[in-house]
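*Asks:* Each chain, letter by letter, is given below.
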Amino acid sequence: MNRLLGAMVVIDHEQEAMSAFYEEADELLNDIELTLLEIEADPDSKELIDKLFRAVHTIKGSGAMLGFDKIAAFTHHVESLIDAVRAGEVPVSKLLINQVLLARDHINNMMVAEKGEEAVDDAAEIISGLRALLGNDPDMLVAPPRSSDTKSDSGRDVSYRITFIPEEGIFMRGLDPLMILLELEDHGKAIVTPITESLPVLENMAPEKCYIGYNILLETNADIDIIKDVFIFVEEDSIVEVELIDSSLGDTGATRLGDILVDRGEVKEEEVNQVLAQDQKTGEKLINAGLATESQVAAALQEQKLLRERKKVRESATIRVAADKLDFLINVVGELVTAQARLTDTAVSIGSMQLNATVEEIERLVTELRDNVLGIRMIPIGNTFNKFNRLVRDLSMGMGKDIELVVKGGETELDKTMIEKIHDPLVHLVRNSIDHGIETPEERRVSGKDATGTVVLQAAHVGGSVMITISDDGRGIDYEKVARKAVAKGLVREADLEGMSREDILTFIFLPGFSTAEIVSDVSGRGVGMDVVRTEISKLRGRIEIDSVPGKGTKISIRLPLTMAIIDGLLVRAQDTKYIIPINRIRQCVELTSDIISMAHGRHILQVQEEIVPYVRLREIFNGCARNDKEIEQIIIVEYEESAAGLVIDQIYGDHQTVIKSLGKCYEHVHGIAGATVLGDGSVALILDVPQLVKSAIDDEVEALEHHRGRQEAAGS
Amino acid sequence: MPKTIMTVDDSASIRLLVGGALRQAGYSVLEAKDGVDAADQLSKKTCDMVLTDLNMPNLDGIGLIKKLRTMPAYRFIPIIMLTTESQPGMKQKGKDAGATGWIVKPFKPAQLLAVISRVLR
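Protein chains in written order, with the working numbering: chain R, 729 to 1445; chain Y, 1083 to 1203.
Just so you know, these hints were derived from the structure itself, not from any lab. Any given hint could be a false lead.
Output of the computed footprint for chain Y on chain R, the stretches with three or more beta carbons under 8 Å from beta carbons of chain Y [as the list claims (entries may be wrong)]: (1) 897-903; (2) 960-972; (3) 1085-1095; (4) 1380-1390.
Quick caveat, the model's predicted, so the values are computed rather than measured. The beta-carbon is built from N, C-alpha and C at its ideal position, and this holds for glycine as well.
Make the full structure from the sequences, and use the hints.
*Replies:* See the structure below:
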């Protein structure tokens, strides 16, 4: 709706401006006539000439702004003449006054013609008369406005080396170097190294002066002119140099700091060689020898880093490894981690300094090994996500829809096999969004949405899993239609629909053979239904959920386990069972004293700093047995959505690193458990999925409350 | 909070055109018809940026810029001048007076908004 109103407002203010111009021009033309007559009587009045000039200048300027190009072009001739009079180059004469009066009449005719859409002759005579008075050739037409149309991007990523040293007084002109740096960032990735050598000591610093310069490395696909444009307001008074970095600099293997400084023109080659003869790092040596400043070296180091990364990308050697060899390696490393944890515990109890030192070293090495090995199989999902850009573009164009793909969390890493297996289901889901979800631009405008639809692909690590979501701001799922179709296909009885929630209705979508597309379009393909998608995801031991709001959009969430992940957790005990709570979820641990319990008046809440935090007892959720009054309970405060929740347990053991092992199909429906692990002593600890656990506990609580309320009402009525 | 831009121009049609375009882009707009009017308003209200024509009666653009730079609230705000190709020397005079940047008339609203977002974020 806003867009529609916006469009109407545009017409309004532009039209208002135009009507204002007609009035304004009338007045100004009147003024011009009167002023000309006054000038005739008083030809030396500078004030009158200025007034005349301003009037003509305004008609020209405003006319051009509002699109009256012919009027502006003609008026330009008059303006040139008056300007020359102002400058004393042309004297005021009767002839001049006459000519300008004629010109003024012509402008008036043009204005009248504009209103009535008539044509008017081009007054070539008048123009030549004006020019004759000037004695030389004025520039003909209104100069075209400075084109700030963006030039097309060259498409390739290049690197620019930019030096920007603002003039000291830059702030006094209302400019802020930060704005310029931010604008550069709009065009690509910028690495900024400050030049601090000009900073005076505090006593000598004037707070309103700018003493810092900047060396910037910009990776972008923009043309060099676009980059230079960023500096348009400062280039005359500040030092600005924009240079394309010769990519061959990195090619020949020359990423030596000295070479880079030479290339930047900051040091001479002989000086570099001289200094290399000593045994320090090149950069330090150059600084100590006074041949380069710290800032220059810092900036060159950035360049070196950039070039080396680029080289690495081009040259990276790869080795093919059989996946099961890798799995075996990962398993062994996992057991090594467990064994090392036991070693640490044992060493602590022995208490020998010598032993401790070695054990610490082993701990460090094992951690490094663990991280590295895990990293081998994991690759960022961003590569896969980015491939969807092309798909979205082609599909949406083919359907006459305008759709933008937004990718978030591309750095989220997943096991390589999982990424390969999730690709097809993702394609199907994205196609669904484009085909059935997002409406045509016309439909969208009618419902007050932006003509451009958005599909968001997002990945994130949540709890012990990876969550991939595909969401769109389209028309959402038509629950009515789904329900009717389900009845038509005999999947459910009409009568049973009565008590069903939206979530229940959505589950029909996953049943085999269910498809609400009237026409089996090429886009969504035949025979690939949501049931196949769900099967694929189950094979990966994942889960898929749909959430949809009619008219607003649909969100599909896929939760995948990180089977091979090793995480840091807190080992705790509730009753007889041990649990692991992921460390990154934990805020703090608090004792559950009898004071806290009594203050809560029977409800399961406590105050932590300023927040009221609800808690649940793990033993109650999992074992369902009564409290052992002898033990002091502990509450682990964990993050839950935007706030917190408390998990009550009996004993905290301490940090524990662990390999998550999946519990298998039997238990995957259990809410709150993400997996299990084998402890050093052979016992099994359950790894908690905190968000799920808290959510289902809350749901239970709410249900119990409603049930209780229901009974109360029944009793009362 | 939307940013406030003061537009100074003796042409009512320009003020309408520019003011309308700025409001549509979400800015709050103050309008003045010449330098005196602008300085007067700005001594009572504040703005985040000033857009001023150069050719105006009573107090022209250059004069206004100089005056604003002496007012504590406006020493460091962006001031953009509306120049025309036919007055090349004005750009330098403006800069000397303390102007931040310029945009050349005639310009399209989109060009104006691009220049504004260059100096006002």
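*Asks:* Please go over all the hints and tell whether each is borne out by the structure.
*Replies:* Checked hints:
| no. | hint | verdict |
| --- | --- | --- |
| 1 | 897-903 | holds (count 5) |
| 2 | 960-972 | holds (count 4) |
| 3 | 1085-1095 | violated (count 0) |
| 4 | 1380-1390 | violated (count 0) |
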